[in-house]
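Asker: Sequence:
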Amino acid sequence: MTTKPENLTFEQALAALQEIVAELEEGEASLEQSLAQYERGIELARYCNDLLDKAELRVRELLPDNTEIDFSGPLDSRS
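For the sequence shown, our numbering begins at 4 and goes up steadily by one.
Calculated from the structure, these hints are not laboratory results.
Don't be surprised by glycine CBs; every beta carbon is placed ideally from N, CA and C.
Be a bit skeptical, because a hint or two may be false.
[Claimed, not checked] Each pair of labels, with its calculated beta carbon distance range:
(1) D68 / I45: 14 to 24 Å
(2) T12 / Q40: 34 to 44 Å
(3) D53 / E22: 17 to 27 Å
(4) G30 / L66: 16 to 26 Å
(5) E35 / P67: 51 to 61 Å
(6) N52 / L27: 32 to 42 Å
(7) D56 / Q15: 39 to 49 Å
Put together the whole structure using the sequences plus the hints.
Answerer: Below is the structure:
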């Protein structure tokens, strides 16, 4: 039984997602297993993105006068 993303920290969810990606890249799972892993990966990715969006919103709320800040780095998925 897999843990619901809501019960994971961001770091745990990201680690689980990275593990799924590595397993899918190996290509040794059956089609059904790969599809299940892919679905779980999508679920985890959405959860991680949601947490990042909430964190960004919180940071923006804490900044004075709606100061703009650039979010960039290795996890930046925005262009």
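Asker: Work down the list of hints and note, for each, if the structure agrees.
Answerer: These are the hints, each one checked on the structure:
1. Restraint check, D68 to I45: a C-beta distance of roughly 38 Å breaks the suggested window 14 to 24 Å.
2. At about 21 Å, the CB distance of T12 to Q40 disagrees with the hint of 34 to 44 Å.
3. Between D53 and E22 the C-beta distance comes to about 20 Å, which sits within the given range of 17 to 27 Å.
4. Judged by the Cβ atoms, the range 16 to 26 Å given for G30 and L66 is violated: they are separated by roughly 45 Å.
5. For E35 and P67, the hinted distance range of 51 to 61 Å is satisfied, since their beta carbons lie about 53 Å from each other.
6. Taking 32 to 42 Å as the suggested C-beta distance range, the pair N52 and L27 does not conform, at roughly 19 Å.
7. Taking the beta carbon of each, D56 and Q15 are about 18 Å apart, not inside 39 to 49 Å as hinted.
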